[in-house]
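Starting from the given sequences, assemble the full structure and let the hints guide the process.
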Amino acid sequence: MNNENLRDLVVEISGANPRKCMRCGKCSGTCPAYAEMEYRPHRIVAMVEKGDIEPLMRSQSLYRCLACMACVERCPRSVEPAKLVEAVRLLVIRGQGQNHMSPDDIPQKLDAELPQQAIVAALRKYGK
Amino acid sequence: MQKIGVFVCWCGTNIAATVDVAAVADAMRSEPGVVYAADYQYMCSEVGQQRLIAAVREHALTGVVICACSPRMHEQTFRRAAERAGLNPYMVEIANIREQCSWIHKDKAVGTPKAIALARAAVAKVLKNAPLTAGESPVAKRALVIGGGIAGIQTALDVAEAGYEVDIVEKSPTIGGRMAQLDKTFPTLDCSACILTPKMVEAAQSPNIELLTYSEVEKVAGFVGNFTVTIRKKARYVDTNRCTGCAECVAKCPARKGKNEFNMGLDNRSAIYIPFAQAIPNVATIDASQCIKLRTGKCGICEKVCSAGAIDYNQRDEVIERRYGAIVAATGFRPISLEKFGEYAYQESPDVVTSLEFERILNAAGPTKGQLVRPSDGKHPHEIVFIQCVGSRCSEDAGKGKTYCSKICCMYTAKHAMLVREKYPDVRVRVFYIDVRTPGKNFDEFYRRAAEQYGVEYVKGMVGKVWRQNGKLMVQGSDLLNDEQLLIPADMVVLAAAIEPEPGARALATMLTASMDTNDFFSEAHPKLRPVESPTAGVFLSGACQGPKDIPETVAQAGAAAIKVVGLLSKDRLVTNPCVAHSNELLCNGCSQCEKVCPYGAITYSEREVVDRGVKDVRRLASVNEAVCRGCGACTVACPSGAMDLKGFANRQIMAEVDAICRAK
Numbered sequence: 011m012n013n014e015n016l017r018d019l020v021v022e023i024s025g026a027n028p029r030k031c032m033r034c035g036k037c038s039g040t041c042p043a044y045a046e047m048e049y050r051p052h053r054i055v056a057m058v059e060k061g062d063i064e065p066l067m068r069s070q071s072l073y074r075c076l077a078c079m080a081c082v083e084r085c086p087r088s089v090e091p092a093k094l095v096e097a098v099r100l101l102v103i104r105g106q107g108q109n110h111m112s113p114d115d116i117p118q119k120l121d122a123e124l125p126q127q128a129i130v131a132a133l134r135k136y137g138k
Numbered sequence: 026m027q028k029i030g031v032f033v034c035w036c037g038t039n040i041a042a043t044v045d046v047a048a049v050a051d052a053m054r055s056e057p058g059v060v061y062a063a064d065y066q067y068m069c070s071e072v073g074q075q076r077l078i079a080a081v082r083e084h085a086l087t088g089v090v091i092c093a094c095s096p097r098m099h100e101q102t103f104r105r106a107a108e109r110a111g112l113n114p115y116m117v118e119i120a121n122i123r124e125q126c127s128w129i130h131k132d133k134a135v136g137t138p139k140a141i142a143l144a145r146a147a148v149a150k151v152l153k154n155a156p157l158t159a160g161e162s163p164v165a166k167r168a169l170v171i172g173g174g175i176a177g178i179q180t181a182l183d184v185a186e187a188g189y190e191v192d193i194v195e196k197s198p199t200i201g202g203r204m205a206q207l208d209k210t211f212p213t214l215d216c217s218a219c220i221l222t223p224k225m226v227e228a229a230q231s232p233n234i235e236l237l238t239y240s241e242v243e244k245v246a247g248f249v250g251n252f253t254v255t256i257r258k259k260a261r262y263v264d265t266n267r268c269t270g271c272a273e274c275v276a277k278c279p280a281r282k283g284k285n286e287f288n289m290g291l292d293n294r295s296a297i298y299i300p301f302a303q304a305i306p307n308v309a310t311i312d313a314s315q316c317i318k319l320r321t322g323k324c325g326i327c328e329k330v331c332s333a334g335a336i337d338y339n340q341r342d343e344v345i346e347r348r349y350g351a352i353v354a355a356t357g358f359r360p361i362s363l364e365k366f367g368e369y370a371y372q373e374s375p376d377v378v379t380s381l382e383f384e385r386i387l388n389a390a391g392p393t394k395g396q397l398v399r400p401s402d403g404k405h406p407h408e409i410v411f412i413q414c415v416g417s418r419c420s421e422d423a424g425k426g427k428t429y430c431s432k433i434c435c436m437y438t439a440k441h442a443m444l445v446r447e448k449y450p451d452v453r454v455r456v457f458y459i460d461v462r463t464p465g466k467n468f469d470e471f472y473r474r475a476a477e478q479y480g481v482e483y484v485k486g487m488v489g490k491v492w493r494q495n496g497k498l499m500v501q502g503s504d505l506l507n508d509e510q511l512l513i514p515a516d517m518v519v520l521a522a523a524i525e526p527e528p529g530a531r532a533l534a535t536m537l538t539a540s541m542d543t544n545d546f547f548s549e550a551h552p553k554l555r556p557v558e559s560p561t562a563g564v565f566l567s568g569a570c571q572g573p574k575d576i577p578e579t580v581a582q583a584g585a586a587a588i589k590v591v592g593l594l595s596k597d598r599l600v601t602n603p604c605v606a607h608s609n610e611l612l613c614n615g616c617s618q619c620e621k622v623c624p625y626g627a628i629t630y631s632e633r634e635v636v637d638r639g640v641k642d643v644r645r646l647a648s649v650n651e652a653v654c655r656g657c658g659a660c661t662v663a664c665p666s667g668a669m670d671l672k673g674f675a676n677r678q679i680m681a682e683v684d685a686i687c688r689a690k
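If you read the sequences in order, they're chains F and G.
For the first sequence, the working numbering gives the first residue as 11, with consecutive numbering after it.
For the second sequence, the working numbering gives the first residue as 26, with consecutive numbering after it.
The set of hints was computed from the structure by calculation and includes no laboratory data.
Don't be surprised by glycine CBs; every beta carbon is placed ideally from N, CA and C.
Only true hints are included.
From the structure, some residues in chain G lie toward chain F, with a derived Cβ separation under 10 Å: (1) 414; (2) 418; (3) 426; (4) 486; (5) 490; (6) 501; (7) 502; (8) 503.
Following this line, the structure appears as structure tokens:
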């Protein structure tokens, strides 16, 4: 797939629109996983807009994102960066043709110490 | 026998590129009543108008159709030309084949037949036109300015200077508005009060200006030149003629828990108060919600200490009614509420303040007497973070904030940062910005001075989160240019909150029948060419109620609004629109539908005697006050019996147009 097709696919899957970004950087100011990320949230938005999806698909940043959705919540332009990350992640996972995590796996992973949000985030990241 | 002339304008290529103008003229020649048709490059030009005049005379035309741009552009031009040729100006009809045809179609195959249909409709209408004569109405030689900030003051001063009387209605106890709250003004850093208070004094002393402070507009009736306005003068419980402004009562008042509005609620004031030292009028006002005497009947200390005998607990609101020729809205702005921006911890920490609050902290008459200290503990701050665009430039679907740029924040933030660094070089100042927008004379130089000479650190990025930790404010934000996320332990955070119109503006606009945009800013009649006029005749706009603007712009606009007011008041009589409604009393069934829909209160009902087919009868009938009617046509649509009709837009004329369009192929 070429860059434009990949970008359109990410936009379609995410339902988010990177063109609305005004480059304020609030997502990267917000992100709790910032230090872990190769590509920071604002950069990811810019890369999706440009169509640079392939380097993103190869990056560990996709799995460093906590899917906490703080950037989605605080973005003043409702660009929803975490949804773009999620969409790129789905492209990778779908390409591998298998689920990394299914809802059936959840009961055995339940743990009193584990925040519920982590499970939701894990499903977002590793589910199909 | 009507003789109609049709003129098809090319408007250069604006029309001619998508409409075959010659074909339109050709098609019109075979229309009933048309004795002359021609096309010309620019009908609005002097030559074009001369052609119209010559044709009217040569062919003894009784009516004219101009196929051209919107009647909003040149209807007046062509009516005047027709008048010069000896024709009644209301025998001119415009077929809008530009905005409604050529501009929205791409090729002649579509554009030409549509232009012919529109022209045919206009011909059908003009055949049923009757000559109309415009009436006249007198002009009340007095202006009303609503809002006593710098916009209202400047407009009133300029109107007064031209020799006309003007009233300023201000809802708070003093004039001065937002500008009175400012410490310094950009880009010159001169003291705001020092340049504002002379204007306040001038307004108070002008024989042509009457200040109605602590007053609000309750009702507006009438129309351009003839507004009747009801104003409520709220009870101050103080006789303003007696009060000397000595403030003895303020010092002794035991109720001291009222939020001090002038200091943005950063400190408290007494129940009886004078907003600030230079307040005009310099008289005390009792806040009835705080006053112990008014709430419980006990106390009365202010009355005892007042040597002038000015306190009057029995004072009541006074409602007055005045006539005005023109009204100026100058209702100003306020910072938005930050309740939807929890990430900045504004609600949690007193050390997170808005820029207007910071302005009061810097001001010598403010809650800290101008000492820069943290509101929480009164300690000197060492690290201050400014955050720009808080609530500005949000997308509509973000569910918070405003879509527009608030325009003034970049400059006042640079000012604040500079003032801090100048007075306290030990304080580290960082400004998070998305863009620094400084268009304006000496504005960008000012901002660069803050960065280069005063060492204000500008960080390209945005703060995501602020939280309290160990007596500090932890500020987490992005530094996009250095590709890092910053975590700053700050002592104070200053938020450049977006600005919005004063909330009372919406109700006022309804009273004035003046339109507003979706953000509740007053709309101008034309965004470029009529920027200080409301689309409602006789209503003008001054200052930030029309859109965010700084002091220089506000003063310029205030002067522009004033000259529009003066232009109106200088006329003894106004020509009224003859296209007004009238009721056929034989058809009127007295149902009152028209009265209910009329937005101008132009329709009244009365019992009248009529002779219907030889039989005398007394009926309840509608009648239209032609001086008040604006010709909107709402009544003609509402009338179930077809009694209401609009001159120049009669039902039969509209139907003739529809028929003509339906006939067209």
